[in-house]
Amino acid sequence: MSHVTLVRHGQANTAARDEANYDRLSDLGRNQAKWLGEYFQGTGEVFARIYTGTMTRHIQTEEEIGAKCPIEVVRDARLNEMPYFDLAKLMEEQHGAKVPQDREEFIPHLPLMFDKWQKNELEGVSETCAEFEARTRDALHEIAAGEGRAMVVTSGGWIGMAMRLTMRLDLTAWAHACLAIENTSLHRIQPLSTGLVLTQFNALPHLDTPERAFARTHI
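Take 184 as the starting number for the sequence shown in my numbering and just add one per residue.
Calculated directly from the structure, the hints in this document are not laboratory data.
Fair warning: there could be bad hints in the mix.
[As the list claims (entries may be wrong)] Computed cross-link-like contacts, SDA-like style, restricted to lysine to any residue with a CA-CA straight-line distance of at most 20 Å: (1) K302 / H292; (2) K302 / E275; (3) K302 / P291; (4) K272 / R286.
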């Protein structure tokens with residue numbers, strides 16, 4: 184049966200405060216991806232198609248996973264993350280909401296930022312919420328319509344938007360989905376004649392052992 188497996192990239196440079204410095208895997212992020220690749224190999228998972236965004240962390244994650252594919256990997260900019268750092272900076276400058284420094288600060292910040300973004304109440308954005316939603320929808324449906332199993336290596340915000348489109352989530356639920364998504368987690372979507380169906384969310388089978396509990400990360 185054909186399905187699409189979404190993979191969030193491994194842990195990136197968590198100390199960064201801008202996209203350019205964030206966009207590379209940490210040593211732990213590389214290990215997370217390698218372990219995921221070992222899991223796929225051990226279960227005999229084979230993908231007919233593999234896609235990534237064009238961001239460094241997406242490409243590095245796919246390379247560390249090392250999944251076999253009969254055709255060339257597709258690098259598609261539509262799979263890139265939302266412009267999070269730019270949005271967070273505009274939120275601070277225009278609405279006085281400080282940029283989060285840890286996951287606990289993300290919890291109230293993310294739905295507020297999404298609300299302002301969706302309502303076009305952030306001036307000077309590089310991409311509107313509607314534009315991000317449109318490119319996510321276009322890429323997701325195009326990949327889901329292809330032949331054979333597909334793996335897509337992307338970012339948490341993109342996966343969250345894919346969940347919103349698939350599950351028809353409201354803004355708060357969308358933000359909560361994004362907050363839950365862990366590094367190198369698996370999310371599976373199955374295309375049916377009536378639409379797309381979510382069959383797996385935030386799975387971490389390659390880290391689901393006591394000795395790897397330390398390797399579960401959100402940021």
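Hints, verified against the model:
Proximity of K302 to H292 is assessed by CA-CA distance (about 16 Å); at most 20 Å being required, the pair is judged to hold. Restraint check: the Cα-Cα separation between K302 and E275 comes to about 17 Å, which is no more than 20 Å; the hinted pair holds. A distance of roughly 17 Å separates the Cα atoms of K302 and P291; the hinted pair therefore holds under the 20 Å criterion. The suggested pairing of K272 with R286 holds, with an alpha-carbon distance near 17 Å, which does not exceed 20 Å.
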